[in-house]
Amino acid sequence: GAGVSQSPSNKVTEKGKDVELRCDPISGHTALYWYRQSLGQGLEFLIYFQGNSAPDKSGLPSDRFSAERTGGSVSTLTIQRTQQEDSAVYLCASSPTGTKTQYFGPGTRLLVL
Amino acid sequence: GDSVTQMEGPVTLSEEAFLTINCTYTATGYPSLFWYVQYPGEGLQLLLKATKADDKGSNKGFEATYRKETTSFHLEKGSVQVSDSAVYFCALIPPGSNYQLIWGAGTKLIIKP
Chain Z
8 GAGVSQSPSN
18 KVTEKGKDVE
28 LRCDPISGHT
38 ALYWYRQSLG
48 QGLEFLIYFQ
58 GNSAPDKSGL
68 PSDRFSAERT
78 GGSVSTLTIQ
88 RTQQEDSAVY
98 LCASSPTGTK
108 TQYFGPGTRL
118 LVL
Chain E
60 GDSVTQMEGP
70 VTLSEEAFLT
80 INCTYTATGY
90 PSLFWYVQYP
100 GEGLQLLLKA
110 TKADDKGSNK
120 GFEATYRKET
130 TSFHLEKGSV
140 QVSDSAVYFC
150 ALIPPGSNYQ
160 LIWGAGTKLI
170 IKP
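Going down the list, the protein sequences come from chains Z and E. Residue 8 is where the first sequence starts when you use the numbering used here, and the numbers rise one by one after that. Residue 60 is where the second sequence starts when you use the numbering used here, and the numbers rise one by one after that.
One thing to keep in mind: the hints can contain errors.
SDA-like cross-link-like pairs, simulated, lysine to any residue; straight-line CA separation at most 20 Å [what the hints assert, rightly or not]:
#: 1; chain 1: Z; residue 1: Lys107; chain 2: E; residue 2: Gly88
#: 2; chain 1: Z; residue 1: Lys64; chain 2: E; residue 2: Pro153
#: 3; chain 1: Z; residue 1: Lys107; chain 2: E; residue 2: Asn118
#: 4; chain 1: E; residue 1: Lys115; chain 2: Z; residue 2: Thr106
#: 5; chain 1: Z; residue 1: Lys107; chain 2: E; residue 2: Tyr89
#: 6; chain 1: Z; residue 1: Lys18; chain 2: E; residue 2: Tyr89
#: 7; chain 1: E; residue 1: Lys167; chain 2: E; residue 2: Thr79
#: 8; chain 1: E; residue 1: Lys167; chain 2: Z; residue 2: Glu51
Which residues of chain E face chain Z? A few of them, derived with a C-beta cut under 10 Å, are [to be verified]:
#: 9; residue: Val70
#: 10; residue: Gln97
#: 11; residue: Gly102
#: 12; residue: Leu103
#: 13; residue: Lys108
#: 14; residue: Phe148
#: 15; residue: Tyr158
What the hints contain is simulated information worked out from the structure, not anything from laboratory work. Glycine included, every Cβ here is placed at the ideal spot set by N, Cα and C.
Model the full structure from these sequences, guided by the hints.
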């Protein structure tokens, strides 16, 4: 079956611009996660959704970052007023109810110039 | 807090050599333990997992045993191939949580023909 998909695969933007990153989880998966992978920081947890609600937003690095999930499916991660330190690969994962196994998408590589 | 420590890479081996990548963890109770692999240019893939002490996860010739007494989850393979060249990540989900993966720094594995 189809895996987790993310779009765009690559995004180049100018400092100060807003960007939106999209994640389509595996159909039927109730939980959705965003992580960030960067050279200096490794893999960092950003936010977790159970259905449409986000019980844990503790990993969002600043108030420039926000995320939403609609219809228990697609999620969008928005970064406002991007900074160069936001450059990273943004990874989305999903998992079905009752399991701790997370299935990852290919990521969106963001470069802020 | 909870954490994962992996051996630093890169690890360079010849084809058909025996592989061990060390992973130790710090957590209270019994976390769930995972190995993920990231092949060049691809997303993270679950390689194997173990959810309780003495469990052995295995996949594609790789094995790891959950050792509570040594808080370890070392990855092993008896005979590596060039196609195993990738970055390997050890991770845990703390007990009582079902979402936030806590990651090791990753170990780059290079297999030479």
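Open item on the list: Run the distance test for Lys107 of chain Z versus Asn118 of chain E: straight-line Cα separation, threshold 20 Å.
Closed with: holds (18 Å)
Task: Given hint Tyr158 of chain E near chain Z, where the shortest CB pair must fall under 10 Å - done: Tyr158 of chain E check passes; min Cβ-Cβ to chain Z is 4 Å, inside 10 Å.
Task: Straight-line alpha-carbon gap Lys115 of chain E to Thr106 of chain Z, limit 20 Å - done: With a Cα-Cα distance of about 18 Å, the restraint between Lys115 of chain E and Thr106 of chain Z holds, given a limit of 20 Å.
Open item on the list: Tell me if the interface restraint on Lys108 of chain E is satisfied: Cβ within less than 10 Å of some Cβ in chain Z.
Closed with: holds (6 Å)
Task: Distance restraint between Lys107 of chain Z and Gly88 of chain E, which requires alpha-carbon spacing of 20 Å or less - done: holds (16 Å)
Open item on the list: Check whether the Cα positions of Lys107 of chain Z and Tyr89 of chain E lie no farther apart than 20 Å.
Closed with: Satisfied, since the Cα-Cα distance of roughly 13 Å is no more than 20 Å.
Task: Hint validity - Gln97 of chain E Cβ closer than 10 Å to any chain Z Cβ - done: Since the shortest Cβ distance to chain Z is 9 Å, the answer is holds.
Open item on the list: Need the status of pair Lys18 of chain Z, Tyr89 of chain E: alpha-carbon distance at most 20 Å?
Closed with: Answer violated: Lys18 of chain Z to Tyr89 of chain E is near 39 Å, above 20 Å.
Task: Status of the hint placing Gly102 of chain E at chain Z (closest C-beta pair under 10 Å) - done: holds (4 Å)
Open item on the list: Tell me if the interface restraint on Phe148 of chain E is satisfied: Cβ within less than 10 Å of some Cβ in chain Z.
Closed with: holds (7 Å)
Open item on the list: Tell me if the straight-line CA distance from Lys64 of chain Z to Pro153 of chain E falls inside 20 Å.
Closed with: holds (17 Å)
Open item on the list: Check the hint pairing Lys167 of chain E with Thr79 of chain E against an upper bound of 20 Å on the C-alpha distance.
Closed with: holds (12 Å)
Consistency note: the structure conflicts with the earlier hints numbered 6, 9.
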